[in-house]
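If you read the sequences in order, they're chains H and U.
Oh and the first sequence: position 22 is 22 in our numbering, straight run, nothing missing.
Converting from the second sequence to our numbering requires adding 334 to each position, the first position being numbered 1.
FYI, nobody ran anything at the bench for these hints, they're computed from the structure.
Treat the hints with care, as some may be off.
What the hints assert, rightly or not - Keeping only pairs whose Cα atoms sit at most 27 Å apart, straight-line, the calculated DSSO-like set for lysine-lysine is: (1) U:Lys545 to U:Lys588; (2) U:Lys367 to H:Lys313; (3) U:Lys624 to U:Lys634; (4) H:Lys319 to U:Lys512; (5) H:Lys319 to U:Lys393; (6) U:Lys341 to H:Lys243; (7) U:Lys431 to U:Lys588; (8) H:Lys319 to U:Lys545; (9) H:Lys247 to H:Lys319; (10) H:Lys243 to U:Lys574; (11) H:Lys234 to H:Lys248; (12) H:Lys158 to H:Lys106; (13) U:Lys346 to H:Lys313; (14) H:Lys133 to U:Lys629; (15) U:Lys624 to U:Lys393; (16) H:Lys313 to U:Lys393; (17) U:Lys545 to H:Lys135; (18) U:Lys545 to H:Lys248; (19) U:Lys341 to H:Lys313; (20) U:Lys669 to H:Lys309; (21) U:Lys393 to U:Lys659; (22) U:Lys634 to H:Lys309; (23) H:Lys319 to U:Lys431; (24) H:Lys118 to H:Lys107; (25) H:Lys319 to U:Lys346.
Owing to the predicted nature of the structure, the values given are computational and were not obtained by experimental measurement.
The residues making up each chain are set out below.
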Amino acid sequence: MNKDTILLSHGSGGKQSQKLLELIYNTLGEAVINHGEDSGVFQAPEGVAAITTDSYTIDPIFFPGGNIGKLAVCGTANDLAMVGAFPRYITLSLMIEEGFDFDDLKKILLSVRDETQKGNISIIAGDTKIVSKGKIDKIFINTTGYGTIISPQAISSKEAKPGDAIIITGDIGDHGSAIMAARNGFESSLISDCANVAPLIKALLKRGVVIHALRDPTRGGLASILNEIAGSSKVNIELEEEKLPIKKSVSGVCDALGIDPLYMACEGRAVIICTHDEVVKILNILHNEQLGKDARVIGRVIERSNEPKLYLKTYIGAKRILPLLSREQTPRIC
Amino acid sequence: MNDKFRKNPEIKPLLHKIKNDVAALDGKTLPLKFMEVCGTHTVSILKFGFRHFFKDSIKFLSGPGCPVCVTSTQDIDKIIYLAQQGHHIVTFGDLIKVPGSTSSLEKEIAKGALVSVVYSPLDALSIAKNTSKEVVFIAVGFETTIPAIASLVLDAYAQKINNITILCLVKTMPNVLKFLLSELSGEIDGFIMPGHVSVIIGSEPYEFIPKEYNIPCTVAGFEPVDLGLGIESLVSQIKKNTPFVDNRYKRMVKSEGNRAAQELISVVFEECDVSWRGFGTIPKSGLCLKEDFAKFDAEKKFDIEVEDEVMQSACICGDIIAGRKTPLDCTLYQKVCNPENPVGPCMVSFEGACAAYYKYGE
Chain H
1 MNKDTILLSH
11 GSGGKQSQKL
21 LELIYNTLGE
31 AVINHGEDSG
41 VFQAPEGVAA
51 ITTDSYTIDP
61 IFFPGGNIGK
71 LAVCGTANDL
81 AMVGAFPRYI
91 TLSLMIEEGF
101 DFDDLKKILL
111 SVRDETQKGN
121 ISIIAGDTKI
131 VSKGKIDKIF
141 INTTGYGTII
151 SPQAISSKEA
161 KPGDAIIITG
171 DIGDHGSAIM
181 AARNGFESSL
191 ISDCANVAPL
201 IKALLKRGVV
211 IHALRDPTRG
221 GLASILNEIA
231 GSSKVNIELE
241 EEKLPIKKSV
251 SGVCDALGID
261 PLYMACEGRA
271 VIICTHDEVV
281 KILNILHNEQ
291 LGKDARVIGR
301 VIERSNEPKL
311 YLKTYIGAKR
321 ILPLLSREQT
331 PRIC
Chain U
335 MNDKFRKNPE
345 IKPLLHKIKN
355 DVAALDGKTL
365 PLKFMEVCGT
375 HTVSILKFGF
385 RHFFKDSIKF
395 LSGPGCPVCV
405 TSTQDIDKII
415 YLAQQGHHIV
425 TFGDLIKVPG
435 STSSLEKEIA
445 KGALVSVVYS
455 PLDALSIAKN
465 TSKEVVFIAV
475 GFETTIPAIA
485 SLVLDAYAQK
495 INNITILCLV
505 KTMPNVLKFL
515 LSELSGEIDG
525 FIMPGHVSVI
535 IGSEPYEFIP
545 KEYNIPCTVA
555 GFEPVDLGLG
565 IESLVSQIKK
575 NTPFVDNRYK
585 RMVKSEGNRA
595 AQELISVVFE
605 ECDVSWRGFG
615 TIPKSGLCLK
625 EDFAKFDAEK
635 KFDIEVEDEV
645 MQSACICGDI
655 IAGRKTPLDC
665 TLYQKVCNPE
675 NPVGPCMVSF
685 EGACAAYYKY
695 GE
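Produce the complete structure using the sequences and hints provided.
This is the structure we're talking about:
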């Protein structure tokens with residue numbers, strides 16, 4: 001039975017290691033460049049570049065709409081896109097718990113291959129470590145991404161200005177609630193929104209639209225990242241509850257678990273902050289793309305403020321504060 | 335969740351009409367004081383913005399309807415004592431962080447206590463079947479939760495599971511309201527009755543309130559339209575001076591309640607005097623296991639030693655539950671007491687008034 005699981009000896013550097021590396025190389029195929037060298041060597045493109053790094057742990061590692069491999073590629077690609085960079089290269093470090101299933105590893109690697117190929121991203125370096133049983137939870141993946149900046153002007157959380165519109169590229173809370181449902185054994189139709197949004201952002205930037213601030217609402221969700229933008233830009237922001245795109249199935253699960261979709265992670269959405277004049281152009285471009293077909297304006301930057309706050313105009317027309325919550329409302333999910 | 339009750343376009347005109355009706359009331363001191371008895375209503379009132387919308391016309395007071403919040407410090411100490419004795423504690427998640435007089439379950443877990451969090455009382459049974467340890471289910475809750483606890487006891491009885499007991503801290507609604515009215519009568523202009531509890535007990539048990547105290551009541555649901563209709567009923571009863579128990583949650587609540595669930599409760603439990611945070615002991619305001627099921631009573635099986643209740647904290651949770659104060663009246667709120675470091679249960683439970691005020695940005 002051992003032949004199906006990963007053993008400590010697969011990380012020893014000997015013959016067993018070769019077997020593991022073969023699986024990795026064969027599965028990833030052409031996505032990997034620079035096989036077998038100690039460092040990945042590449043022609044650095046001219047211009048301004050961006051680098052980001054992130055480590056991924058998630059429970060469960062397979063969830064409706066994706067798995068940890070897809071998440072590790074998309075999450076890093078999205079972080080690059082959020083500063084106006086287009087992802088070119090990615091590194092892939094796998095930390096695997098002894099006893100991990102070979103077939104599961106293959107499934108994860110296939111997702112990595114598919115996402116990198118779809119996103120035109122090359123895997124330029126990688127590493128594999130096998131860790132004794134119980135020392136980590138199944139598998140951790142670290143990815144570092146490198147991309148070239150394609151936005152002519154600075155995109156930053158400090159750039160939100162009074163009068164700006166807040167656009168979201170799709171429904172909120174899908175990823176977080178799909179994970180919560182999977183973890184609690186709920187049967188549901190929820191599917192994570194896990195996706196690479198870089199092509200969507202590229203479509204916008206290629207058409208010359210001006211974006212002030214751009215964020216992907218991952219951990220902490222929409223309310224947390226807008227609080228951060230409000231704080232960095234020293235502005236008050238108002239969201240309109242009526243305009244928030246939340247699937248019924250998502251509100252259903254959130255109501256049942258007593259959690260708020262505004263604080264649930266998304267893994268394939270972007271929040272775009274731009275001047276009012278750019279809204280129509282941006283929405284037209286987004287609506288032509290599959291990932292952006294449900295994009296819409298959900299609020300606006302109201303004014304400059306020394307005590308920046310995020311407000312919610314509720315269905316009944318009352319205004320309340322959406323605070324930055326100090327305690328995560330759910331266990332760590334990404 | 336149904337959009338008909340949340341995003342209905344008729345909700346705004348309805349609420350504006352209520353506001354105007356309140357302003358036009360003769361001889362009433364504004365803001366009106368309405369008590370929402372149930373913690374889930376407190377959450378809805380804050381989450382949907384009712385508190386702000388009706389700021390000058392209606393003041394909402396939280397009532398004794400958050401099960402964790404009404405549990406006394408002495409009862410929390412009993413739970414901690416049982417955990418310290420090495421028994422396997424099975425509980426709803428809300429209780430973990432609630433501080434007792436010297437410790438909390440959270441602190442005991444860090445020291446090695448065995449505590450499992452469950453969503454359904456019946457999960458305690460499967461835990462008991464798979465261990466030789468004594469399993470103690472911490473039974474907190476109102477009429478909404480009690481039928482499931484009764485099922486647990488009946489199943490344990492039928493399957494002859496001998497290593498399970500319950501620490502019975504369950505409470506019932508009507509008599510605490512009677513007690514509250516003896517203290518606060520004249521200060522409350524209307525009651526929003528708990529929707530979930532009423533599904534079980536119906537609306538009849540509240541009839542004494544309009545009859546004896548002349549105070550309007552309405553059973554309401556939890557979505558904006560449900561709450562709006564409930565508040566409209568209270569204001570209209572005040573306007574016409576015809577208090578009665580209205581039922582604005584008819585899609586869920588029958589006046590006689592759920593007979594089968596009531597039957598289930600009465601097979602296992604009987605009324606008894608229990609102690610409430612903020613009130614002390616109230617006659618016939620809780621349930622105890624009947625003699626037939628005494629072997630499932632943790633207090634009878636184990637010698638539980640705890641100190642008498644001493645109030646030593648500046649926490650005003652008891653006053654908040656009793657509608658005497660709001661979280662904003664508390665000197666500890668936000669500064670010392672927050673969800674990270676809760677001083678009292680009102681900041682711990684999802685349904686607690688302080689946690690709801692904090693979460694919804696008050």
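We went through each hint and held it up to the structure:
Using a Cα cut-off of 27 Å, the hinted pair Lys545 (chain U) and Lys588 (chain U) holds, with the two alpha carbons roughly 20 Å apart. Taken as a hint, the Lys367 (chain U) and Lys313 (chain H) pair is honoured in the structure, with Cα atoms around 24 Å apart against an allowance of 27 Å. A distance of roughly 12 Å separates the Cα atoms of Lys624 (chain U) and Lys634 (chain U); the hinted pair therefore holds under the 27 Å criterion. Distance restraint check for Lys319 (chain H) and Lys512 (chain U): the Cα-Cα separation of roughly 35 Å exceeds the 27 Å cut-off, and the hinted pair is therefore not satisfied.
Between Lys319 (chain H) and Lys393 (chain U) the alpha-carbon distance is near 17 Å, which keeps this suggested pair within the 27 Å criterion. Distance restraint check for Lys341 (chain U) and Lys243 (chain H): the Cα-Cα separation of roughly 11 Å lies within the 27 Å cut-off, and the hinted pair is therefore satisfied. Taking the CA atoms of Lys431 (chain U) and Lys588 (chain U), the gap is near 36 Å; set against the 27 Å cutoff, the hint is violated. Among the hinted pairs, Lys319 (chain H) with Lys545 (chain U) is inconsistent with the structure: their alpha-carbon atoms are about 38 Å apart, more than 27 Å.
Of the supplied pair hints, the one linking Lys247 (chain H) and Lys319 (chain H) holds, its CA atoms being roughly 23 Å apart against a limit of 27 Å. Straight-line distance between C-alpha atoms of Lys243 (chain H) and Lys574 (chain U) comes to about 38 Å, which puts the hinted pair past the 27 Å bound. Between the alpha carbons of Lys234 (chain H) and Lys248 (chain H) the distance comes to roughly 34 Å, so the proposed pair goes past 27 Å and is violated. Distance hint between Lys158 (chain H) and Lys106 (chain H) is unfulfilled; the C-alpha atoms sit about 42 Å from each other, more than 27 Å.
Proximity of Lys346 (chain U) to Lys313 (chain H) is assessed by CA-CA distance (about 13 Å); at most 27 Å being required, the pair is judged to hold. For the proposed pair Lys133 (chain H) and Lys629 (chain U), the alpha carbon gap of about 42 Å is over 27 Å, so the pair is violated. Taking the CA atoms of Lys624 (chain U) and Lys393 (chain U), the gap is near 41 Å; set against the 27 Å cutoff, the hint is violated. The hinted pair formed by Lys313 (chain H) and Lys393 (chain U) meets the criterion: a straight-line CA distance of about 20 Å does not exceed 27 Å.
Distance hint between Lys545 (chain U) and Lys135 (chain H) is unfulfilled; the C-alpha atoms sit about 66 Å from each other, more than 27 Å. A distance of roughly 42 Å separates the Cα atoms of Lys545 (chain U) and Lys248 (chain H); the hinted pair therefore is violated under the 27 Å criterion. For a cut-off of 27 Å, the pair hint linking Lys341 (chain U) to Lys313 (chain H) stands: about 13 Å separates their Cα positions. For the proposed pair Lys669 (chain U) and Lys309 (chain H), the alpha carbon gap of about 19 Å is at most 27 Å, so the pair holds.
Simply put, Lys393 (chain U) and Lys659 (chain U) have alpha-carbon atoms about 11 Å apart, close enough for the 27 Å limit, and the pair holds. Using a Cα cut-off of 27 Å, the hinted pair Lys634 (chain U) and Lys309 (chain H) is violated, with the two alpha carbons roughly 53 Å apart. At most 27 Å may separate the alpha-carbon atoms for a hinted pair to count; Lys319 (chain H) and Lys431 (chain U) exceed this at roughly 31 Å. With a C-alpha separation of about 17 Å, the suggested pairing of Lys118 (chain H) with Lys107 (chain H) holds against the 27 Å cut-off.
The suggested pairing of Lys319 (chain H) with Lys346 (chain U) holds, with an alpha-carbon distance near 13 Å, which does not exceed 27 Å.
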